[in-house]
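Protein chains in written order, with the UniProt record's numbering: chain A, 1 to 288; chain B, 1 to 341.
FYI, nobody ran anything at the bench for these hints, they're computed from the structure. All residues carry an ideal CB built from backbone N, CA and C; glycine is no exception. A hint or two may mislead.
To be verified - Far from chain B, by Cβ distances over 10 Å, these chain A residues were calculated:
(1) Thr43
(2) Gln71
(3) Asp102
(4) Phe114
(5) Phe124
(6) Thr127
(7) Trp148
(8) Ala157
(9) Val263
Unchecked claim - A few chain A residues that face chain B, going by a derived Cβ cut-off under 8 Å, partial list only:
(10) Leu120
(11) Pro201
(12) Leu202
Now for the letters of each chain:
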Amino acid sequence: MARSSYEYPGYERSGVGYWSKTALLYAVVTAGALWMTLPFWWTITTSLSANPQASEVTFIPAAVTLQNFVQLWERPDILLVRWFINTVIFAGAVTLFNLTFDSLAGYALAKLDFWGRDKLFLGFISTMMIPGMVTLIPVYLILVELNWTNTYQGLIAPLIAGPFGIFLLRQHFKSLPTSLGEAARIDGCNEFQTFYKIYLPLAKPALATLAIFTFMGAWNNFQWPLIIANENEMYTLPVALFAVRNQYFAEWGLMMAAALIIVAPVLVAFLAAQNYFIRGMSLSGMKG
Amino acid sequence: MALEEGDASGEDSFGSAARDYLGRGRTAAGRRMGVSEDQDNLMGWLFVAPNVFVFSTFLLGPVLFAFYVSFQEWSILRNAGEFIGIENYLTVLQPLPVTTNGLNLSVFTNPTENLFWYSLKNTFVYAIGTVPLQILGGLAVALMLDKRVRAKKAYRAAYFMPVMLSGAASAVMWRWFLSADGVINSFLRPIGLAHNWAGDPATALGGVMLMAVWGGIGSNMIFFLAGLQNIPEELYEAARIDGASRWHLFRHVTWPNLGNTNFFVIVMAVISAFQVFGIALVFSEGGPYYATTTTVLLIYQRAFDEGLMGEGAAMAFILFLIIFVFSYYQYRHQRSGEVEY
């Protein structure tokens, strides 16, 4: 990591040139960081003011009130708790299924030897090139046939496995020594026990990364819940936000409060486990 | 993908040689324990069975099904279709921008003539406007943070925060910032530039693009930071001994060594730009006056608001084709570029 940019003649860490360049670097990086974070601050200040005027919320809210949050709680067509529970069930189930199925497949593709394995892996990975919107209409029509619209199983089913998880876990299982499994088999473990008792516990870091990533993706997913859940009671939070926006357009304080409720859990989780998020993101980049 | 393929085959030639030596494609342990080849196959396929099922039911099957639907007049009530040949494609594509009488470019500027071409123009404008800024912005931030910046972790977190956001939430937020009495205008009013950014057909798509750039820099930054760490320090040392300037270091060491990252980042950014939907829908519902109607948004409206599943599927396939041609071109380009280093 340590770049020795300054450790040879011409790149000394001194002189007017060096310090003015450093100052410029910090100015640019800080300005960019402000651009990235100010919108979050404006969301907070707007959600805390009763009748937001732009001039009042730009930096510090003029008068702080929790009125918007109370309104979200009290308006009869805003089913905040129900939507929150829906989203937790949806994202939780999607994560659980992905972890189970992808670790099974990732393990088999890394450690088991079976006919067609490498072609199958390539096939899984190639599906990443299929744009999601091509499958939107047919999957919807299939679930209509099953009568699964506006149900939890309809929300969850199409998202229970994905190529990213398979790839991530296969790479991780590949990095673990094969001798572990051979020893376990000699001790009398069958294939499933070898996987479940020996290898799976060693994959915890990769599983945690995948869990965080999948959960966040489902929590934020808008397109699929929008199509499959069109009853008020079955909304997930992002879809509900869209419905609230259509209903109470221009009540910006209320809307920012609603946006904050979606954003807050993810943001808190991110700040608490930053490294997992960053690692997941950079791993998702290595598929290339 | 190119990298992955190379990896797998490279490793495989070694692996299969070892396996041949040990006995017909089976591991040493398997043979010792008296496990037959059939049992190996059965076990492996049992492990991957759930995924094979999900992939074929919700991914591969549906792609074929979508192709079928695109040739049907689909009835929502019966949930069944009637074969009408290529009529959906004709409805979507006509009037064509190229006719025997010459070019008919007004389809790109007049939404009442043909909304599909108009939406395609919006999508291209969006892609051309956002992808380079997302990528160059991400690269610039990564290069700056790769240096000895204090509080690197805090900066990285700040740039990554918008990536965490649901598209729906960020669209609602930016709609408020960019509205006539919004926060952005409170900065612009003193210098006389206040404008109803989200409500004007000329600037609404720009608002969506601004939001997309804001949300897209962080993930690219992470990809480039990872790519930069994979460049061996010796390359920089060697170049410096040869007297390379900062610019030369970037141009001849950093940039070529980011080749795979560049490929991946560009392809992913373009694929997702062509599929922009949620932020445009929540920001302005495709309006004002179709200014933010992107192709996927049009597919959504045709299929799920108007119930024209066949037309929607036809549009989806045309867009799929465009995305595929682009990815393939990038892939070929990447392959030919590898010779240089």
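For each hint, the structure was consulted:
no.	hint	verdict
1	Thr43	violated, 5 Å
2	Gln71	holds, 16 Å
3	Asp102	violated, 7 Å
4	Phe114	violated, 3 Å
5	Phe124	violated, 7 Å
6	Thr127	violated, 5 Å
7	Trp148	holds, 12 Å
8	Ala157	violated, 7 Å
9	Val263	violated, 5 Å
10	Leu120	holds, 7 Å
11	Pro201	violated, 17 Å
12	Leu202	violated, 17 Å
In this structure, the earlier hints numbered 1, 3, 4, 5, 6, 8, 9, 11, 12 are contradicted, and the remaining ones agree with it.
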